[in-house]
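Read top to bottom, the protein sequences are chains A and B.
One point on numbering: in this note's numbering, the residue at position 33 of the first sequence is 33, and numbering is uninterrupted.
Offset between the second sequence (1-based) and this note's numbering: plus 1000.
Do not rely on the hints blindly, as some may be mistaken.
As the list claims (entries may be wrong) - What follows is a set of in silico ranges between Cβ atoms, one per label pair, in the way DEER data are often shown:
(1) B:1095 x A:14: 35 to 43 Å
(2) B:1016 x A:52: 42 to 50 Å
(3) B:1027 x A:52: 24 to 32 Å
(4) B:1067 x A:54: 33 to 41 Å
(5) A:28 x B:1010: 22 to 30 Å
(6) B:1101 x A:61: 15 to 23 Å
(7) B:1063 x A:2: 35 to 43 Å
(8) A:17 x B:1017: 43 to 51 Å
(9) B:1095 x A:2: 19 to 27 Å
(10) A:28 x B:1014: 39 to 47 Å
As the list claims (entries may be wrong) - Examples of chain B residues lying across from chain A (beta carbon under 10 Å, computed):
(11) 1042
(12) 1043
(13) 1057
(14) 1061
(15) 1063
(16) 1102
(17) 1104
These are computed hints drawn from the structure, not numbers from a lab.
Please read these numbers as outputs of a predicted model, since none were measured by experiment.
C-beta atoms are modelled at their ideal positions from N, C-alpha and C, and glycine is treated no differently.
Residue-level listing of the chains:
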Amino acid sequence: KNQVEQSPQSLIILEGKNCTLQCNYTVSPFSNLRWYKQDTGRGPVSLTIMTFSENTKSNGRYTATLDADTKQSSLHITASQLSDSASYICVVSANNAGNMLTFGGGTRLMVKP
Amino acid sequence: DGGITQSPKYLFRKEGQNVTLSCEQNLNHDAMYWYRQDPGQGLRLIYYSQIVNDFQKGDIAEGYSVSREKKESFPLTVTSAQKNPTAFYLCASSPSDGYNEQFFGPGTRLTVL
């Protein structure tokens, strides 16, 4: 069964600090991995998408990494801002599943002043 | 949220009533999806449609129904057969049934009184 596990479930950091969120997956055969940001009560918005051949991808202060051998991904947030407070969701797509996605449970990040 | 709209934002229903959630997109996307989100869990697929007048059950279709009479619209009906309908419902669309990014609407929070 395809699964995506994220850790930690929740995280509190001070404004200006860095943090790293983790994602482990068992989706096979792997097609691509996406990180979404979801503000409370809103729909998810895409941050990055990586295919098998990509190891890292950045979007401003967000940097995602992918290790397809160990089936792990991370999302690093640099110099956090209060607006980074949100849930971050790891989503994996399988090659034989069309556009069907497997979602992680998300990491709830709170940035405090 | 792109060109996807969902209405209403909040919906209250009495037990035994059917309710319909609206989802409209002006992105000219072929595929549309309905997800359910519960606290601490990953998004779960209810129904999806790859083309007008065609739709498929997702992982948790019981107690739900959909229609796809127009490319722009994919309404979801939550019937009285759905035992635990209180949740956050998200609609998404993508350009085609390929490996393209899914764009999400702002969501509808349904509460059963």
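**Q.** Hinted contact residue 1043 of chain B with chain A - closest CB pair below 10 Å
**A.** Cβ of residue 1043 of chain B sits 4 Å from chain A, so the hint holds.
Q. Between residue 1027 of chain B and residue 52 of chain A, is the Cβ distance one that fits in 24 to 32 Å?
A. For residue 52 of chain A against residue 1027 of chain B, whose Cβ atoms are near 27 Å apart, the range 24 to 32 Å holds.
**Q.** Outcome of range test on Cβ distance (residue 17 of chain A, residue 1017 of chain B; 43 to 51 Å)
**A.** holds (48 Å)
**Q.** C-beta pair residue 28 of chain A, residue 1014 of chain B: status relative to the range 39 to 47 Å that was hinted
**A.** holds (44 Å)
Q: Against chain A, run the beta carbon of residue 1063 of chain B and see if the smallest gap drops under 10 Å.
A: Status violated, d = 20 Å.
Q.
For the hint 22 to 30 Å, verify it against the beta carbon of residue 28 of chain A and that of residue 1010 of chain B.
A. violated (39 Å)
Q: Please test the hint of 35 to 43 Å on the beta carbon pair from residue 1095 of chain B and residue 14 of chain A.
A: holds (40 Å)
Q: Note whether the CB distance of residue 1101 of chain B and residue 61 of chain A lies within 15 to 23 Å or breaks it.
A: holds (21 Å)
Q) For the pair residue 1095 of chain B and residue 2 of chain A, does the Cβ-Cβ distance stay inside 19 to 27 Å? A) Given a distance of about 23 Å, which is inside 19 to 27 Å, the answer is holds.
Q. Under the criterion of a CB-CB separation shorter than 10 Å, is residue 1102 of chain B in contact with chain A as hinted?
A. holds (7 Å)
Q: With 35 to 43 Å as the target window, see if residue 1063 of chain B and residue 2 of chain A comply at their CB atoms.
A: violated (24 Å)
(Q) Restraint: residue 1061 of chain B near chain A, CB-CB cut 10 Å. Satisfied or not? (A) Violated - the Cβ of residue 1061 of chain B stays beyond 10 Å from chain A, reaching only about 14 Å at its closest.
Checked against the numbered hints above, the structure breaks hints 5, 7, 13, 14, 15 and satisfies the rest.
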